[in-house]
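Listed here are the chains, written in short residue letters.
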Amino acid sequence: MGFEEKVKKNKNTIYVPDIARITRIEYLSPTEKVFKIVFDDEEIKNKFEFKPGQFVELTVFGLGEAPFSIVSNPTNKDFFKLCIRNVGNISSALHRMVEGTKIGIRGPFGNGYFPCQKMKNHNVLLIAGGLGIAPLMSLIRYILHYREDYKEIMVVYGAVNPGSILFKNEIQYWSNRGDISLCLSVDNPDNKWTGEIGVCTKLIPRVDFPSNDTYITVCGPPIMYRYVIDELEKKKFKPENIYLSLERRMECGVGKCNHCHIGDKLVCVDGPVFNLWEIRNLKEAL
Amino acid sequence: MLYKVLDKGVYRDFVKALISEYEFIGPKKKDKSEHDFVLIKDISELDTNYMRTTIPPAKKILFPPNEQLVAYELGENINVRSVVESSKKILFGINAWDINGMNFLDEFFTTDFIDENYISKRKKLIVIGMDSEPTETNFSPSIGAEYAKDGFDIYLTELKNRYFVRIATPKGNEILEKYTKVNDAIAEDFKEYNKYMDNYRMKFKMSVDIKSFYDDFESIYDNGDFWKKIAKDCYSCGSCNLVCPTCFCFNVKDDIELNLKNGKKIREWDSCMIPEYGLVAGGHNFRPDKENRLKKRYRCKLKTFIDKFGKYACVGCGRCIEACLAKINIAEDINLVKKEVSI
Chain R
1 MGFEEKVKKN
11 KNTIYVPDIA
21 RITRIEYLSP
31 TEKVFKIVFD
41 DEEIKNKFEF
51 KPGQFVELTV
61 FGLGEAPFSI
71 VSNPTNKDFF
81 KLCIRNVGNI
91 SSALHRMVEG
101 TKIGIRGPFG
111 NGYFPCQKMK
121 NHNVLLIAGG
131 LGIAPLMSLI
141 RYILHYREDY
151 KEIMVVYGAV
161 NPGSILFKNE
171 IQYWSNRGDI
181 SLCLSVDNPD
191 NKWTGEIGVC
201 TKLIPRVDFP
211 SNDTYITVCG
221 PPIMYRYVID
231 ELEKKKFKPE
241 NIYLSLERRM
251 ECGVGKCNHC
261 HIGDKLVCVD
271 GPVFNLWEIR
281 NLKEAL
Chain X
287 MLYKVLDKGV
297 YRDFVKALIS
307 EYEFIGPKKK
317 DKSEHDFVLI
327 KDISELDTNY
337 MRTTIPPAKK
347 ILFPPNEQLV
357 AYELGENINV
367 RSVVESSKKI
377 LFGINAWDIN
387 GMNFLDEFFT
397 TDFIDENYIS
407 KRKKLIVIGM
417 DSEPTETNFS
427 PSIGAEYAKD
437 GFDIYLTELK
447 NRYFVRIATP
457 KGNEILEKYT
467 KVNDAIAEDF
477 KEYNKYMDNY
487 RMKFKMSVDI
497 KSFYDDFESI
507 YDNGDFWKKI
517 AKDCYSCGSC
527 NLVCPTCFCF
537 NVKDDIELNL
547 KNGKKIREWD
557 SCMIPEYGLV
567 AGGHNFRPDK
577 ENRLKKRYRC
587 KLKTFIDKFG
597 KYACVGCGRC
607 IEACLAKINI
617 AEDINLVKKE
627 VSI
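Chains R and X supply the protein sequences, listed in that same order.
If you use this note's numbering, the first sequence corresponds to residues 1 to 286, in order.
If you use this note's numbering, the second sequence corresponds to residues 287 to 629, in order.
One thing to keep in mind: the hints can contain errors.
[Claimed, not checked] Result set (EDC-like, lysine to aspartate or glutamate): computed pairs, CA atoms no more than 16 Å apart in a straight line:
id	chain 1	residue 1	chain 2	residue 2
1	R	K283	X	E577
2	R	K283	X	D502
3	R	K283	X	E504
4	R	K102	X	E362
5	R	K102	X	E504
Calculated directly from the structure, the hints in this document are not laboratory data.
Whenever a hint applies, use it, and build me the whole structure from the sequences.
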């Protein structure tokens, strides 16, 4: 059920959140936690469906609302998870919360998401910088769920230091699976670090996927995109096969408040995932 | 559209009847140069012969500066409900460009997702339009907004001894039939009306060359020096947004009472010119420069909605030009873009 139908059914306006509970909080790093969220209403829970790359608006009652992208596998119907860094008003309040706390959820939002159906029978390269791994996690989990539908899968992931690498357990699990390759690098290694050093852009020249048979997804801090795209273009990857998840101030999620404007598009409605071809027409996007 | 004429002799009684029957919002003199659209209780308060209103009347009613969207009660269970306030009103004496501004908001708030808070108010609003004197900064004929094709129920145009009446909706017709008497317009009335409109259009002093802006804007988009020069004096105060009939940006904030139980979500107008507009958690600002924000405003007003709705998000009312403390002039800037590009 789409968001709009849900609104109609409940006779609510588009600004009314549904009540949900934080059922589990996982500690990832000193600044990041993963929140597992379950809707109170059985019907809403059953009908909540999302696609990799979409986001929800989370209300902390009394404080306000903020957008977060979903990190869990879309095939899990009973719950969804958000990975949240403690940086703002809402996120720091969330970090103080205990399991069982009630929150409000609107969404999922975004008509631009990672095209996991189109990617079938192709290679997929996923490039993440820092917290940018979060929106990609949903896609990675989906792909691994239907692993046989896809060709080679590679994750290129750069973090600031070894301590800030997120989803370490999951990464460990990937290396045990053997059907997904991983290039990990950190900017500031500690003395135990034996892997790559530097920004993740440096790892791209080593990717040997054929340019005409590969889909690429990128998510990271705003500064990262331009450098990644330069590297991808050197490898002659097609712009229409490169998908980028953009961040802006998405306050309403429904294309009304206008804060997430880029050129003539709105990130909340037209995005948050755009392909590079679209972004070429959006000045200021990168 | 039905075309009728209303005799001036019965006009006052017609308006009086509307004031007594409806919540009647009309222009009232505020000070020497300014009028404001407020609730009118007596016809003596009404002054339709106005020139300047600071806050656009339709926006003031349909998309107020502060508006509650959601109410909730916290406790064992959280009860959340939407708050939609609307009541039947007459908006009397709104001019053509403000009607066109409202038409834009109508389309905006019903595109993609339907904004019930706006549209439920709109559905109950009866709009009776009337021409008003343009200010010196008004350039609406260049935009094509000095004449309203739709969006109103009734539009009254003052001719010598009668009003030329355009009726756009059944509701408008009903009101006229119920509260007054109108006659069919005849060829002579149309003739006088056309003459009036020709004269009326002559009153607008400012004009802009908007035709080629769509492409010129892109060609000048990356010219940093040009935009720096244009935005040089901008104080990033947001006055231009507050007085604009089509500006719709808003913030939603939560507000909780001291008992920590009852709370609400409120939306309030935001401004794309203030530095916090593009600020996200973590401190990254996607629009840190004032020239970038001004450029974005011009894009939003003059280009974005040409692609989306086929119309400008500017009606040329000139309010932002009068409101700007730094004398930034959108009309001059449109012409300047043209000039700069054609060099």
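Status of each hint after checking the structure:
1. With a C-alpha separation of about 14 Å, the suggested pair K283/R and E577/X falls inside the 16 Å cut-off, and the hint holds.
2. A threshold of 16 Å between alpha carbons decides the hint, and for K283/R with D502/X the separation of about 15 Å falls inside it, so the pair holds.
3. Among the hinted pairs, K283/R with E504/X is consistent with the structure: their alpha-carbon atoms are about 10 Å apart, no more than 16 Å.
4. For a cut-off of 16 Å, the pair hint linking K102/R to E362/X stands: about 9 Å separates their Cα positions.
5. Using a Cα cut-off of 16 Å, the hinted pair K102/R and E504/X is violated, with the two alpha carbons roughly 47 Å apart.
The structure fails hint 5 only (numbered hints given earlier).
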